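Chain U is fixed; fit chain P onto it per the hints.
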Amino acid sequence: MIAETDRGDELAGAVIAAFADRRPLRPVGGDTKRTLGRAVEAEPLSLAGHAGIVEYEPTELVVTARAGTPLTELEAVLAERGQMLGFEPPHLGTGATLGGTVACGLSGPRRPYAGSARDFVLGVRLINGRGQSLRFGGQVIKNVAGYDLSRLMAGAQGTLGVLLEVSLRVLPRPGCEVTLLHELDAVQALEAVNRWAGQPLPISAACHDGERLRLRLSGTRAGVDAARATLGGEVDSQGEAWWADLRERRLPFFAGDDPCWRLAVAPASAQPDLPGSWLIDWGGAQRWLRSDAEPDVVRSAATAAGGHATRVDDPGDGSSPFQPLPDALLGVHRRLKASLDPNGILNPGRLYAEL
Amino acid sequence: MSNDPTNPSKVDRDALVAGLRRVLPAEAVLDDPEALHPYECDGLSAYRQLPLAVALPIDVDEVAAVLAVCRDHGAPVVARGAGTSLSGGALPHADGIVLSLARLNRILDIDPVNLTARVQPGVRNLAISEAAQPHGLYYAPDPSSQIICSIGGNVAENAGGVHCLKYGLTVHNILALEVLTIDGERLTIGGPAPDAPGYDLLALMIGSEGMLGVVTEITVKLLPLPACARVLLGAFDSIPTAGEAVSSIIAAGITPGGLEMMDGPAIQAAEDFVHAGYPTDAAAILLCELDGTVEEVEAQIDQVRDLMEASGASEVRVAHDERERELFWSGRKNAFPAVGRISPDYYCMDGTIPRRHLARVLEGITALSEEYDLPVANVFHAGDGNLHPLILYDANKPGELERTEAFGGKILELCVEVGGTITGEHGVGVEKINQMCVQFNREEIDQFHAVKAALDPDRLLNPGKAIPSSARCSELGGMHVHGGQLPFPDIERF
Numbered sequence: 001m002i003a004e005t006d007r008g009d010e011l012a013g014a015v016i017a018a019f020a021d022r023r024p025l026r027p028v029g030g031d032t033k034r035t036l037g038r039a040v041e042a043e044p045l046s047l048a049g050h051a052g053i054v055e056y057e058p059t060e061l062v063v064t065a066r067a068g069t070p071l072t073e074l075e076a077v078l079a080e081r082g083q084m085l086g087f088e089p090p091h092l093g094t095g096a097t098l099g100g101t102v103a104c105g106l107s108g109p110r111r112p113y114a115g116s117a118r119d120f121v122l123g124v125r126l127i128n129g130r131g132q133s134l135r136f137g138g139q140v141i142k143n144v145a146g147y148d149l150s151r152l153m154a155g156a157q158g159t160l161g162v163l164l165e166v167s168l169r170v171l172p173r174p175g176c177e178v179t180l181l182h183e184l185d186a187v188q189a190l191e192a193v194n195r196w197a198g199q200p201l202p203i204s205a206a207c208h209d210g211e212r213l214r215l216r217l218s219g220t221r222a223g224v225d226a227a228r229a230t231l232g233g234e235v236d237s238q239g240e241a242w243w244a245d246l247r248e249r250r251l252p253f254f255a256g257d258d259p260c261w262r263l264a265v266a267p268a269s270a271q272p273d274l275p276g277s278w279l280i281d282w283g284g285a286q287r288w289l290r291s292d293a294e295p296d297v298v299r300s301a302a303t304a305a306g307g308h309a310t311r312v313d314d315p316g317d318g319s320s321p322f323q324p325l326p327d328a329l330l331g332v333h334r335r336l337k338a339s340l341d342p343n344g345i346l347n348p349g350r351l352y353a354e355l
Numbered sequence: 001m002s003n004d005p006t007n008p009s010k011v012d013r014d015a016l017v018a019g020l021r022r023v024l025p026a027e028a029v030l031d032d033p034e035a036l037h038p039y040e041c042d043g044l045s046a047y048r049q050l051p052l053a054v055a056l057p058i059d060v061d062e063v064a065a066v067l068a069v070c071r072d073h074g075a076p077v078v079a080r081g082a083g084t085s086l087s088g089g090a091l092p093h094a095d096g097i098v099l100s101l102a103r104l105n106r107i108l109d110i111d112p113v114n115l116t117a118r119v120q121p122g123v124r125n126l127a128i129s130e131a132a133q134p135h136g137l138y139y140a141p142d143p144s145s146q147i148i149c150s151i152g153g154n155v156a157e158n159a160g161g162v163h164c165l166k167y168g169l170t171v172h173n174i175l176a177l178e179v180l181t182i183d184g185e186r187l188t189i190g191g192p193a194p195d196a197p198g199y200d201l202l203a204l205m206i207g208s209e210g211m212l213g214v215v216t217e218i219t220v221k222l223l224p225l226p227a228c229a230r231v232l233l234g235a236f237d238s239i240p241t242a243g244e245a246v247s248s249i250i251a252a253g254i255t256p257g258g259l260e261m262m263d264g265p266a267i268q269a270a271e272d273f274v275h276a277g278y279p280t281d282a283a284a285i286l287l288c289e290l291d292g293t294v295e296e297v298e299a300q301i302d303q304v305r306d307l308m309e310a311s312g313a314s315e316v317r318v319a320h321d322e323r324e325r326e327l328f329w330s331g332r333k334n335a336f337p338a339v340g341r342i343s344p345d346y347y348c349m350d351g352t353i354p355r356r357h358l359a360r361v362l363e364g365i366t367a368l369s370e371e372y373d374l375p376v377a378n379v380f381h382a383g384d385g386n387l388h389p390l391i392l393y394d395a396n397k398p399g400e401l402e403r404t405e406a407f408g409g410k411i412l413e414l415c416v417e418v419g420g421t422i423t424g425e426h427g428v429g430v431e432k433i434n435q436m437c438v439q440f441n442r443e444e445i446d447q448f449h450a451v452k453a454a455l456d457p458d459r460l461l462n463p464g465k466a467i468p469s470s471a472r473c474s475e476l477g478g479m480h481v482h483g484g485q486l487p488f489p490d491i492e493r494f
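These protein sequence lines map, in sequence, to chains U and P.
Residues in the first sequence are numbered from 1 upward in steps of one, following the numbering used here.
Residues in the second sequence are numbered from 1 upward in steps of one, following the numbering used here.
Here chain U stands alone, though its shape is the one from the complex (with noise of 0.2 Å):
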């Protein structure tokens, strides 16, 4: 069992330190989302052993834990009562904890079905650059009082504030789940799997590797067979490892030298003119693409399909992997960093190098 430690007045009490200071922080977990954003110079805070379980009814659907739990531990304790976390987060390595997860607003191949991490988020309890503890959100699914900011934590990356702790709604585990397999070209598959998405069918994911589409449908059994039929392919039994393989960035496709984008589009747009190979998950709304393309040509073709791209490898020229964001836009990002984390000591840079 994990340990059940609150550090919250000791880190608390770093970030009061850091902020008189003016020292930069950078909040680590595991330390397994480092590469995620831009390399931040800054004396580590770490939350390991800031972890357990502070709450947990299953028939209320909502876990709260301390962010430094790990993640695995805290899935094991969920899928005892056969719930789960609904976004179905990439670990990316061993000791990947809740509060990394969140922060970095990670989303496997369940997202477009079910949600994003950010969609899962009740409430948390951070420490912003001041240095106050500070509780936004609940425990309970329906709220809505004060601002949201506890949906802003979500893919902050810790330049907001450092998480304490979270509350996530959860899911039930589907009582079955089968992977298909359908011989489609990616241009035949992305129209399957949108014409497929407006239709009330049981599907959790869907995703294009190059040469194949695979499905995967979750829920009653009778549910699950009788989209089987509707559906056709033939049943993959590797699927759930496959599925796993796909979240963790661990399939083929993954290895490389190549650079590699995660391109954010409209789920239905047309596939990028762009040279490399493809992978297409979401249900089209998310394409891996490993490609020598120039940074702009590969930002300018996710924009004109509706959307961004990220740079995931690391250039190792400290530009920032994101899609840079319009003037008025950035300059909001400015203001509302500064409100809650003053003295620009959380995570300086580490998404953007203004923020």
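I should point out that these hints are in silico values taken from the structure, not numbers from a laboratory.
Please note: incorrect hints may appear among the correct ones.
Here are the simulated SDA-like cross-link-like pairs (lysine to any residue), alpha carbons at most 25 Å apart as the crow flies [claimed, not checked]: (1) Lys-397(P) x Val-418(P); (2) Lys-166(P) x Pro-172(U); (3) Lys-166(P) x Ala-17(U); (4) Lys-166(P) x Trp-196(U); (5) Lys-166(P) x Gly-82(U).
The model shown is predicted, which means the values in this text are computed figures rather than measured ones.
Here is chain P on its own, set in the frame of chain U:
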């Protein structure tokens, strides 16, 4: 409502109206008291205030021009959709204007392949689903006012509804917003692709009660209409047994499309009104709607019936056709007007609690009902713990409204005490501003103000709503609840 005494009016009314007339056609600026009258309140009619003027722009450029005039004159701006807020979110400011977005009412685009609809803020919630219906699609959040409420107002309040347990709140169903800041900047937040870069400003903007920006265009997510929806009605001899049935349904891994509870007084009022055939001798009924594929729903109907019976239901009925399904729902959907028939006025509360504390909270409400000598009927989004106690009162009896508000405040404090919240889906507005001091401490309130200042430094957008001043909380005297212990629990807090 009085305005902030530390911020006396500096707005020159005539100059403001003249400024608005320069940027809008004559018929789009109202300043005659008769014409202003319909805007003096929203769905929380106990609070009334005439604005200086009402602006009725027809497109985003006119909205921008109105905001520029208000900025130049230092005039507060209260954005308004259909005016159905139950928390006074659209209550006018005495020194400001109401910015009606009702004329921005066009559905700009339905994209049946990417499953989105792009709409203007004045479009009615239900109109989106009606426009999507030919494609086999709909917009899931369904506040009870969905026939008339606007999607812009839904965004401002992060509106909920019966479908929330399975399909989420407004915040889970919006993909993009076009927002005008009070500084005149036009922001595109989110987009047709998931997970826009940078901070999740959609989460920040949705539910911000018109205090951070003015939304001029909205892209919503559409979902396929379920192949099948069926409803069960369970009758129970006590509220705790009905609560157990809810827990057992959730524990079995079933997520109903809707899971609603009504208590005895609500059942009686609804039955007298719409004759839904409700068992009026029951202490509580549960309505459980299951939606999905035909096969899935068939299997779950039997499972839920068994679970309700095992929890001690005195009777379980399954609606056998669409007509019966609508009949079962008619009582719940008409619960508010049904209560309106039996009482001159009623006051709808909106707390959310962890469901395991349901019995304790309802006992507390019963005790308060006796203490304040005001009857209560309870309707309850049981699946997600969202309570709507309806306090029955008569505004014409001196002191009764004040007693009702005090009673309502106590209910909300009780919700916070058990780990819940003062508002599940109606917003804070002016109504629950004192209870914000119970739910949040001084530093949290200050953080909200800092965020507000990041987007609206001069506090012109819906000032005085949703977030109380620190001074107000101090005056109310350390009401913040710590560990469920309210200091001086016997002191009146209004």
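Hint check:
1. Lys-397(P) x Val-418(P): It is violated: about 33 Å lies between the C-alpha atoms, which goes past 25 Å.
2. Lys-166(P) x Pro-172(U): holds (11 Å)
3. Lys-166(P) x Ala-17(U): Roughly 44 Å between the alpha carbons, so the hint for Lys-166(P) and Ala-17(U) is violated.
4. Lys-166(P) x Trp-196(U): With a Cα-Cα distance of about 20 Å, the restraint between Lys-166(P) and Trp-196(U) holds, given a limit of 25 Å.
5. Lys-166(P) x Gly-82(U): With a Cα-Cα distance of about 17 Å, the restraint between Lys-166(P) and Gly-82(U) holds, given a limit of 25 Å.
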